[in-house]
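Asks: Numbers 1 to 389, taken from our numbering, label the letters of the sequence shown in order.
Worth flagging that the hints you see were computed from the coordinates, not collected in a lab.
None of the values given here were measured: they were computed from a predicted structure.
Don't take each hint at face value.
Stated by the list, open to error - List time: in silico DSBU-like cross-link candidates among lysine-lysine, alpha-carbon distance up to 35 Å:
1) K74 <-> K188
2) K74 <-> K374
3) K370 <-> K277
4) K277 <-> K200
5) K79 <-> K110
6) K212 <-> K275
7) K381 <-> K322
8) K148 <-> K27
9) K79 <-> K148
10) K110 <-> K93
11) K79 <-> K127
12) K188 <-> K148
13) K127 <-> K277
14) K322 <-> K127
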Amino acid sequence: MNICFLVTANYLYQTSREKPSRRHVPKTASARRQKTYIRDEPLKDIELDLESGCKDSTVPGAEKVTDNALEWVKTVSRKGLRPILKEFATVRKFIPPNMSTDVFNQNPSKNRYTDVMCLDKTRVILKDRTKSNDYIHASWVQLPSNRKYICTQGPLDETIEDFWWMIFKEEVQAIVMLCDFIEDGEQKCAEYYPLTTGEKVQYGEITVKKLKEEEAIQMITCQMMSVKYDYRKIKIYKFKIGRGETHHVNHYRWSSWPDRSAPSSSAPLISLILKIKALHDRGPVVIHCSAGIGRTGTLCAVDYAMDKFSEEATLSPADVVKAIRHQRLHSVQSVLQYLYMHICLVDYVIFSKSLPKDMPSRKFRRDYEKYLKKFTERLAKEKQTVGNT
Numbered sequence: 001m002n003i004c005f006l007v008t009a010n011y012l013y014q015t016s017r018e019k020p021s022r023r024h025v026p027k028t029a030s031a032r033r034q035k036t037y038i039r040d041e042p043l044k045d046i047e048l049d050l051e052s053g054c055k056d057s058t059v060p061g062a063e064k065v066t067d068n069a070l071e072w073v074k075t076v077s078r079k080g081l082r083p084i085l086k087e088f089a090t091v092r093k094f095i096p097p098n099m100s101t102d103v104f105n106q107n108p109s110k111n112r113y114t115d116v117m118c119l120d121k122t123r124v125i126l127k128d129r130t131k132s133n134d135y136i137h138a139s140w141v142q143l144p145s146n147r148k149y150i151c152t153q154g155p156l157d158e159t160i161e162d163f164w165w166m167i168f169k170e171e172v173q174a175i176v177m178l179c180d181f182i183e184d185g186e187q188k189c190a191e192y193y194p195l196t197t198g199e200k201v202q203y204g205e206i207t208v209k210k211l212k213e214e215e216a217i218q219m220i221t222c223q224m225m226s227v228k229y230d231y232r233k234i235k236i237y238k239f240k241i242g243r244g245e246t247h248h249v250n251h252y253r254w255s256s257w258p259d260r261s262a263p264s265s266s267a268p269l270i271s272l273i274l275k276i277k278a279l280h281d282r283g284p285v286v287i288h289c290s291a292g293i294g295r296t297g298t299l300c301a302v303d304y305a306m307d308k309f310s311e312e313a314t315l316s317p318a319d320v321v322k323a324i325r326h327q328r329l330h331s332v333q334s335v336l337q338y339l340y341m342h343i344c345l346v347d348y349v350i351f352s353k354s355l356p357k358d359m360p361s362r363k364f365r366r367d368y369e370k371y372l373k374k375f376t377e378r379l380a381k382e383k384q385t386v387g388n389t
């Protein structure tokens, strides 16, 4: 879902008697939260029907890329999927050396999963908070172009106030939501914003109001909201935003991307990346799914690699994932997400260069479609088996 937020910082006393439609009351930590997330899925080759058809993706407004990118596409397309599957068997085990997660360990009630750790060196520190209350499960991720993402878990009911505090204090330009609230009968993300136009919800000192729906991008829906800080609640804090200044935040929600899996088309992701690139010049962009590492890490990895394509350097997707994991631990969780990263980059280069569609990449995409179908069928059977036990 693509949502556009309006953040207003008004430090004058408000004489209006208008009140929020409702006040959010955080719940205490409970057993509803999943305990673990990381899965050591088997990497098995699936026989691919190379005669299967595949719909071509369309990518609007792609940027210029180097000739090195074209050579990379030719090489990847010629080799096919299996070398990528074998490569991921090594990549998925990568953990940055000398990592520290002390603050994560000290705040178990603010973590959605016990095994999805947050690195100390790149964690987002909540501004104007005491040291004992400055933690949120969120990490800074910097791209080669120096643009910055904040990668975070889907808010828990008891961390929604921290989430909006981070949005306001970091002057975030966009929020990208890559999950649904409920997936396969399990809560993946708390309902952290009002869903009805005109509705207002107060999260601690932050009031969020949904203003209107906006035009969708591909399958990604859009909304506009206002976010206002009530200075009367906490008078001791000083803010960088000037009195009466308005801060706009865009929110994009893509709820149909399955957890641990991948979409069939590259078009929505590339369109989304190109859209938020324009916002990056004014401030950071927040990305989250449920754990904030799989779908979130995949988007970051694709954008990171697109940056590399503009340089005179050969691309190594494995090195890209490792670079992301140095900043956001466990990023790019499944083999399908790693394959999808390749599909997005292949399509990005092809449409950037206006290349003919009869290249070897056409066969590469057909193989991906077939693998995705088989993998999805296997996941469905596994879920059904678990549900029957």
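Asks: So if I understand the rule, the pair passes when the alpha-carbon distance is 35 Å or less; does K381 with K322 pass?
Replies: Roughly 31 Å between the alpha carbons, so the hint for K381 and K322 holds.
Asks: Hinted pair, alpha-carbon criterion (35 Å max): K370, K277. Please report holds or violated.
Replies: Holds - the C-alpha atoms of K277 and K370 are around 31 Å apart, at most 35 Å.
Asks: Can the restraint linking K74 and K188 be considered satisfied, given a maximum Cα separation of 35 Å?
Replies: 38 Å, violated
Asks: Has the given pair, K79 with K127, been kept, meaning a C-alpha gap of at most 35 Å?
Replies: Not OK: K79 and K127 at ~48 Å, beyond 35 Å, violated.
Asks: Taken at face value, is the distance from the CA of K127 to the CA of K322 at most 35 Å?
Replies: 29 Å, holds
Asks: For the pair we were handed, K110 and K93, check the Cα-Cα distance against 35 Å.
Replies: Answer holds: K110 to K93 is near 26 Å, not above 35 Å.
Asks: Regarding the pair K212 and K275, is the alpha-carbon distance no greater than 35 Å?
Replies: Since the Cα atoms of K212 and K275 sit roughly 19 Å apart, the hinted pair holds (cutoff 35 Å).
Asks: If you draw a straight line from the CA of K74 to the CA of K374, is it 35 Å or shorter?
Replies: 25 Å, holds
Asks: Take the C-alpha atoms of K277 and K200, compute the straight-line distance between them, and say whether it is at most 35 Å.
Replies: 29 Å, holds
Asks: Between K127 and K277, is the straight-line Cα distance small enough, at 35 Å or below?
Replies: Roughly 25 Å between the alpha carbons, so the hint for K127 and K277 holds.
Asks: Can the restraint linking K79 and K148 be considered satisfied, given a maximum Cα separation of 35 Å?
Replies: Given pair K79, K148 holds - Cα atoms ~33 Å apart, limit 35 Å.
Asks: Regarding the pair K79 and K110, is the alpha-carbon distance no greater than 35 Å?
Replies: 44 Å, violated
Of the numbered hints stated above, those contradicted by the structure are hints 1, 5 and 11, listed in ascending order.
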